[in-house]
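K.L.:
Could you put the whole structure together from the sequences, leaning on the hints where they help?
These protein sequences, in sequence, are chains A and B.
Start counting the first sequence at 1; every next residue gets the next number (full-length UniProt numbering).
Start counting the second sequence at 1; every next residue gets the next number (full-length UniProt numbering).
Bear in mind the hints are in silico, worked out from the structure with no lab data behind them.
All C-beta atoms in this analysis are idealised placements derived from N, C-alpha and C, irrespective of residue type, glycine included.
Among these hints, one or two may not hold up.
[Unchecked claim] Sample of chain A residues at the chain B side, in silico, Cβ under 8 Å:
1. 39
2. 56
3. 123
4. 142
5. 180
6. 183
7. 245
8. 261
9. 272
10. 281
11. 301
12. 315
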Amino acid sequence: MATVTTTATTSGSRSAKSTPRKPLTVAKKRQYRAAYVLVLPFFVIFLAMIIVPLGYAGYLSFFRKQLVGGVSFAGFDNYARAVQDPAFLAGVGRMGLFLLVQVPVMLVLSLFFALALDSGMTRLAKFVRLGIFVPYAVPSVVATLMWGYLYGPDFGPFAQLANLVGLPPPPFLSPHVVLFSIANVVNWEFVGYNMIIIYAALRSIPSELYEAARVDGASEPRIAWSIKIPAVRPALILTIIFSVIGTFQLFNEPNLLRILAPNAINSSYTPNLYAYTLAFVNQDANYAAAIAFVLGIVIMALSYIVQLWNQRKESQS
Amino acid sequence: MSASTPAAQPTHQAAGTSSLTSDELDTSTGRSARTPLGTEPKQRKNMVLTVVMIACVAYFLLPLYWLVVASTKSNADLFSTFGLWFADFNLIENLKTVFTFQNGVFGRWALNSLIYSVTSAVGASLLATAAGYAFAKYQFPGGKALFSIILGAIMIPTTALAIPTYLLFARAQLTDTYWAIILPSLVSPFGVYLMRVYAADAVDYSLIEAARVDGVGEIRIFFQVAFRLLMPGAVTVLLFSLVATWNNYFLPLIMLNTPEKFPLPVGLAQWQSTASAGSGSQALFSTIITGSLVSILPLIIAFLFLQRFWQSGLSSGGVKA
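P.N.:
Printed below as a string of structure tokens:
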């Protein structure tokens, strides 16, 4: 994360100034030891719960298990299989579409709400802020259950209303619409969270930055567009990256809506659902590991592209 | 970005303290009270914007409103009455069913959720605070490299890790135990990042130096001097780990087999698939709905009461991220 390394260097040079470089004194050694002691507990668990599983997944992905002959080395076969696997590719493509549809809607809404609250022009601001944020505290399982019932043709209020005026129930759970229904659930869950991140960044812009513009008669939307949005770009980038990571990991919502819409959502609907099915239904841990690995690479690559794009924008401005 | 970092330092602290006071103040004067400088002219309220915002809030509250209404209905009324309005009041009956169905396993799930989330959140927060403080306040060999590795791990999709973690745990015979949920939830790379940013501002070098002059050991400085100052950041990490673990579904789904060890989301999802699968078991819907309502109340209450912590803590992360 390029933005992060800049903070690292600034604070690094700050502390270098306060402690000039000297040969290792007893005090210095004591400080090193303290630093290691403080970092160690986290790092041990970090190694055991992230690095080791990651390495193990990499290792597994190079093997194959067959009914006849047992486990054998497979080289890059699992990866070759993954990039040609229609089920996997369809899932990745579906998440690409989801990313293009859901993430912009979510972030534009989050940004709009944050700006509206920050402008001070909204009454009941505290109620609005909490009302939009509160879904974040709801587990995605419960969120999906609720929306699933709301969407449902049996006792969902939308179907009831449609029935009242003599229309067929809206097809929220049909094969072509269900992706958008999932997008709606994800939006509902995370707009408030992203709003709070952006809002917090907006609150910390020194107001003299736009006070002058306001005195000059610039409108509130104009100030938002020209001053506030550029100032909170780091926070926006953070929300974009988190959204990319979140999108490609999508599992809970489709897995639960599958119960209601088994014909619209299959077992490889998202890459993560596919990896889960491979590992726990097909018992093919090796191929599942390769899928998880490819998925991780896709996510890292996309996050990296977002940062590159951000840096280019930054150097232009 | 690099230029904005030192400049953001004082304003972030001002924003943090101002949100402390704003909680005691009326919402309508929110803006002027929260402005760090307090020199801003009073903004005119815009009716159109307010109406739009209230309409949006209605969308966000609609499912929760529906959940409250639906949890007061009998299973038959769910199907026969309009979803967005009340029918015969059946909440007490529903609650009784929730807590007695399958020998009261729901209470067990709630307890499990509490154990998983509190243990993980306290642990994750302590580990992240200690590490973040060390990265912020000590320059030690390998520190920068370690920190970059941890930062890189923020982008590793946790669900992609869950399957290999499961396979490793299966070898160590740790699956279907409480550890299978708690251990992976203790690691919060983003928490370390947040605490590093937070500690850089919250703990002044002069304080550390003063303690050193007094002969206080480095570790004691952390626990007795720095920790108090790091509390708001630590509570933010705690709260977000609490939410992440309380709401986690994927990890417990793959790790646990015994229903008595399930947390609430896995349990509720299991009820849902039972209810949808069998034709005779439809009586479960009102139970699932009421159980869902019970399972979301603790976190909503925690968020409402701990507002000032997560809001000020997030602002420090948001500014510099």
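K.L.:
The structure should be examined with respect to each hint, and the outcome stated for every one.
P.N.:
Consistency of the hints with the structure:
Taking 8 Å as the C-beta contact cut-off toward chain B, the hint placing residue 39(A) at the interface holds, the least distance being around 5 Å. This hint holds: residue 56(A) has a C-beta 5 Å from the nearest C-beta of chain B, less than the 8 Å allowed. At a threshold of 8 Å, the smallest CB-CB gap from residue 123(A) to chain B is about 5 Å, leaving the interface hint in force. At about 5 Å, the closest approach between the beta carbon of residue 142(A) and any beta carbon in chain B falls short of 8 Å, and the interface hint on this residue holds.
Interface restraint check for residue 180(A): the shortest CB-CB distance to chain B comes to about 15 Å, outside 8 Å, so the restraint is violated. The restraint placing residue 183(A) at the interface with chain B is violated, with a minimum CB-CB distance near 14 Å, outside the 8 Å limit. Interface hint at residue 245(A): satisfied, since its Cβ lies 6 Å from the closest Cβ of chain B, which is below the 8 Å cut-off. The restraint placing residue 261(A) at the interface with chain B is violated, with a minimum CB-CB distance near 10 Å, outside the 8 Å limit.
Residue-level restraint check for residue 272(A) holds (minimum Cβ-Cβ distance to chain B is 5 Å; threshold 8 Å). Given hint, residue 281(A) at the interface with chain B, is violated; its Cβ is 12 Å from that chain's nearest Cβ, farther than 8 Å. Using the Cβ-Cβ criterion of 8 Å, the hint placing residue 301(A) at the interface with chain B is not satisfied: the shortest such distance is roughly 10 Å. With a cut of 8 Å, the hint placing residue 315(A) at the interface with chain B is violated, because the nearest CB-to-CB distance is about 11 Å.
Checked against the numbered hints above, the structure breaks hints 5, 6, 8, 10, 11 and 12 and satisfies the rest.
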